[in-house]
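Engineer: Single-letter residue listing:
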Amino acid sequence: MALNRQPNIPDQDVFYAELIDAQRELSDDQADMMLAKLVLVLSNHVGDRGVLSEAIALARDNTLATPA
Amino acid sequence: MLQTYTYPEFAYAQSEEQRLGKLKRHPVVIIGAGPIGLTQALDLAYRGVPSVVLDDNNTVSIGSRAVCYAKRPLEIWDRLGVGEEFAAKGIQWKVGKVFFRDELAYGFDLLPEEHHKMPAMINYQQYHLEERLVKACDDSPLVDLRWKHKLLAIEQNDDVATLTVETPDGIFKMEAEWVVAADGANSDTRRMVGADFTGQFFQDRFLIADVVMKAEFPTERWFWFDPPFHRGQSVLLHKEADDVWRIDFQLGWNADPTEEKKPEKVIPRIQAMLGPDVEFELEWVSVYQFACRRIDQFRHGRVIFSGDAAHQVSPFGARGANTGVQDCDNLGWKLKAVLDGAAPVALLDTYHEERAYAADDNIGHSTRATDFITPKSRSSLRLRNAVLELARTETFARPLVNSGRLSTPTPYLHSSLNTPDSATFAGAMLPGTNCADAPILRNGGNAWLLEQLGRGFVLLSFGPAAPVTVGNITAEVLEVGKDIIDVQGVLTERYDGQPGTVYLIRPDQHVAARWRRFDPGRVQGALSRTLKLQ
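Chains as they are written, first to last, in our numbering: chain Y, 6 to 73; chain S, 413 to 946.
To be clear, the hints were calculated from the coordinates, so they are not data collected in a lab.
We treat Cβ as the ideally placed atom computed from N, Cα and C, and that holds for glycine.
There could be a bad hint or two in this list.
To be verified - Computed, partial: chain S to chain Y, Cβ under 7 Å:
1. Phe702
2. Arg705
3. Leu793
4. Leu795
5. Ala798
Unchecked claim - Simulated DEER-style distance windows between Cβ atoms:
6. Y:Asn49 x S:Asp773: 21 to 27 Å
7. Y:Ala27 x S:Arg643: 25 to 31 Å
8. Y:Asp53 x S:Asn469: 49 to 55 Å
As the list claims (entries may be wrong) - No more than 30 Å apart at the CA atoms, straight line, and that leaves these computed lysine-lysine pairs for DSBU-like:
9. S:Lys547 x S:Lys562
10. S:Lys434 x S:Lys560
11. Y:Lys42 x S:Lys788
12. S:Lys506 x S:Lys626
13. Y:Lys42 x S:Lys509
My request is simple: use the sequences and hints to build the entire structure.
Structural biologist: As structure tokens, this is what we get:
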């Protein structure tokens with residue numbers, strides 16, 4: 006299976022709001038920790054090593070391609 | 413310090429060749445009488461090859477150092493007659509606990525697989541182990557163990573290596589067809605041949621302490637990340653024999669090794685960890701910094717490197733001595749075949765091929781554990797802590813916690829000595845894999861499969877087969893149902909032993925090839941391949 010790079014989240018605006026909302030009243034450190042945990046939880050759910058490698062590479066390459 | 417163990421002093425004796433001033437050529441000279449050098453000498457003796465072992469000291473390892481021995485090394489030592497004793501005297505543990513900050517994150521039970529003669533691992537002090545190996549060498553007519561013999565120089569040509577050796581009686585020369593350098597991480601021999609030894613140094617320091625403690629602590633492995641008694645660092649506690657406990661404190665890069673080793677500094681640390689009421693005595697303390705590196709080539713002409721002289725790993729996962737013993741396992745039969753003229757020198761290059769592959773695998777495991785235990789950046793620390801916090805309630809996160817993985821053998825799946833499968837098999841016994849043990853009956857008595865393997869090449873057959881010879885090497889038949897009985901069915905299951913199946917097994921108890929029916933021509937081809945004759 007390849008990484009799905011097409012839109013795949015139903016009701017995307019509400020999803021995004023939920024993500025933001027989950028960080029409410031967290032310190033910056035707590036918010037960073039929450040995101041780290043979310044990455045781990047979702048990575049475990051995906052499980053597929055090929056997909057995970059593609060996702061990691063995409064996130065890294067996109068970051069490096071963005072001017073600091 | 414040192415309450416539980418008295419160091420033996422082994423007697424120096426002048427050799428006849430030095431006394432007579434007569435240059436003598438030996439088939440094998442081993443440099444270093446540590447666990448690896450001694451094991452190599454015993455394995456060669458087991459195969460009928462005499463060796464001389466030189467050591468510049470006259471006692472065993474100072475301090476317990478290596479402490480954890482895994483199943484495969486125990487199986488190798490069992491072949492050499494000392495494995496049962498180590499398994500009986502060593503400490504076995506099954507339960508591990510991981511603490512994060514001031515609470516238990518989770519506990520685990522290793523649940524070792526059943527039906528193996530040797531346990532998954534034991535904890536045993538290196539000095540005990542070495543002392544027993546020394547005795548086994550002394551008992552062997554084929555091992556000539558020489559204390560207070562320091563190698564000063566080594567010269568070699570295509571046929572022979574000439575060693576310059578210093579003893580209390582002066583300097584003399586000896587010749588060796590093959591030299592095995594097992595003189596540790598700071599190998600002088602490695603410097604003498606000009607080999608590269610490169611890799612990664614970790615910017616961290618660890619304090620190891622062995623303490624004697626009668627307290628009723630359970631025999632479990634406890635690992636703390638960022639505990640209240642040692643903030644921001646990690647700590648490991650586990651048990652050795654004789655009420656000795658091993659404690660590892662991560663100190664960080666800026667720690668002063670001399671200062672940290674002082675009892676007035678060490679004792680309060682340990683007291684804070686064990687609690688104010690626990691009585692203990694320090695037995696041994698050392699501060700170390702570690703590296704993961706490996707030699708460029710395991711063979712430099714007539715000089716062959718093994719153990720820490722060939723590869724160094726971080727201590728997490730107990731891979732130093734364990735992998736070194738497996739070097740001996742791999743090298744012994746190959747040296748024997750080359751010395752006997754049964755195989756070309758090219759067979760010795762497969763020692764590099766197989767063991768450098770294993771060393772790289774071990775270095776990978778060890779580096780990954782180190783990176784988890786001592787994160788190198790703020791964001792990797794956050795991810796590490798995220799794993800630990802999740803692990804308290806989420807079972808999925810627990811396998812990600814890496815405080816050192818149990819050392820298991822690296823199968824030589826891509827070795828040039830293997831004959832690839834031409835049929836389909838279930839199970840784990842792929843060519844290049846070390847043979848799994850299984851309970852059997854032999855001559856009506858309980859026995860183990862591995863006890864039947866290891867002397868020479870074996871055809872393990874689940875049906876009729878006949879011995880196969882190449883040159884002066886013969887693979888003997890061990891027929892299941894005739895020579896040995898698989899009473900519990902474990903053997904047949906582990907080897908997917910459908911009727912007619914035949915395995916060609918190397919003298920180091922590794923699978924070389926397998927077929928669904930016995931065909932002498934194919935066995936001959938595989939045996940030639942395993943001896944590097946084609």
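Engineer: Failing hints, ascending?
Structural biologist: 1, 2 and 3
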